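I would like the entire structure built from these sequences, with the hints used as guidance.
The numbers in this note's numbering rise by one with no breaks, and the one at position 68 of the sequence shown is 80.
In case anyone wonders, no lab produced these hints; they're calculated from the structure. One or more hints might be untrue.
[What the hints assert, rightly or not] Below, simulated EDC-like cross-link-like pairs (lysine to aspartate or glutamate); rule was C-alpha separation at most 16 Å, straight line:
| id | residue 1 | residue 2 |
| --- | --- | --- |
| 1 | LYS147 | GLU170 |
| 2 | LYS96 | GLU181 |
| 3 | LYS125 | ASP139 |
| 4 | LYS182 | GLU232 |
| 5 | LYS121 | GLU87 |
| 6 | LYS96 | GLU66 |
| 7 | LYS131 | GLU170 |
| 8 | LYS96 | GLU187 |
| 9 | LYS133 | GLU170 |
| 10 | LYS88 | GLU118 |
| 11 | LYS215 | GLU170 |
| 12 | LYS96 | ASP70 |
| 13 | LYS215 | ASP195 |
| 14 | LYS88 | GLU122 |
| 15 | LYS147 | ASP171 |
| 16 | LYS96 | GLU67 |
| 17 | LYS88 | GLU45 |
| 18 | LYS191 | ASP223 |
| 19 | LYS226 | GLU187 |
| 20 | LYS226 | GLU181 |
| 21 | LYS226 | ASP197 |
| 22 | LYS37 | ASP22 |
| 23 | LYS182 | GLU143 |
| 24 | LYS131 | ASP171 |
| 25 | LYS96 | ASP22 |
| 26 | LYS182 | ASP139 |
| 27 | LYS133 | GLU181 |
| 28 | LYS125 | GLU170 |
| 29 | LYS191 | GLU149 |
| 30 | LYS96 | ASP39 |
| 31 | LYS112 | GLU149 |
| 32 | LYS125 | GLU149 |
| 33 | LYS96 | GLU45 |
[What the hints assert, rightly or not] Pairwise CB distance ranges, derived in the manner of DEER restraints:
| id | residue 1 | residue 2 | range |
| --- | --- | --- | --- |
| 34 | THR174 | SER68 | 26 to 34 Å |
| 35 | PRO110 | ARG188 | 19 to 27 Å |
| 36 | ALA57 | LYS131 | 30 to 38 Å |
Only a predicted model underlies this, so the values are computations on that prediction, with no experimental measurement involved. Backbone N, C-alpha and C fix where the C-beta goes; we use that ideal spot for every residue, glycine too.
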Amino acid sequence: MPEPKPESADTLLVRAGGIARRSAKTDPATTGELVARSFRHPAMAERVVVRLVEESLDSALTAEMSVLGFTDAGEKVPVGRARKRALGFPAWALVHHPTKARFALEVMKEFRKAGTRAKTKPGHARDAFAEIATKLERSVPAFLPSYWEEVGRVFVAEDATTFASQCFEKARTAEREYKLPVDEDRRAAAYLEFTAVGAVPAKSLAGYADDLVKAFGAVEGERRFLELAVQRIRAGIPP
13 MPEPKPESAD TLLVRAGGIA RRSAKTDPAT TGELVARSFR HPAMAERVVV
63 RLVEESLDSA LTAEMSVLGF TDAGEKVPVG RARKRALGFP AWALVHHPTK
113 ARFALEVMKE FRKAGTRAKT KPGHARDAFA EIATKLERSV PAFLPSYWEE
163 VGRVFVAEDA TTFASQCFEK ARTAEREYKL PVDEDRRAAA YLEFTAVGAV
213 PAKSLAGYAD DLVKAFGAVE GERRFLELAV QRIRAGIPP
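Structure follows, in structure tokens:
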């Protein structure tokens, strides 16, 4: 059997969360074009706010910024290639539940404060994030899946994979406990994102296989699960 080709430096860079050059040859299943978007706000005079976003989330960013009172200030500019990710928090709440978005925005100050402790005191950060989740649970449990995924990203950034795995599982548990409607494409993106960094527990993978069969039937469910398994192995995670 021939030896597999080593992954390029660009692929490794993007997989680690970095930005590769626009011409980089990276895996289209897990990476996309990164674009710079410019926005203005009436309260900020002539200042322009620039946001970087992976292209598949471009329309979601537009909706998010519109809710916050920003307007488009120019053409989007491609700047590189970045790892794909599911729509996060609070953007998911702003896009899908704009009438309840204030609940998401109100907890963001606490969220950022908890995030600053993730590197030095991950256990304390986890407890702080859990307190925020309790507030959301009482008011808008539909926000919990995207919230816990966003918490997981905080821990992924600090290489705290075990904590990230716990958060990812909490997101899936919330979907089941509250019988929330699931966007299967969005959930697939979340699985791809977290499995590439080794932050999807085996228990969650087994449950996802069952969910795919229920949602799509055996043939399409197998195809989707196989794609996830292949991406997981490409990321260096044992089968």
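### Message
Hint compliance check: list the failing hint numbers for this structure, sorted ascending.
### Response
1, 2, 4, 5, 8, 10, 11, 13, 14, 15, 20, 27, 32
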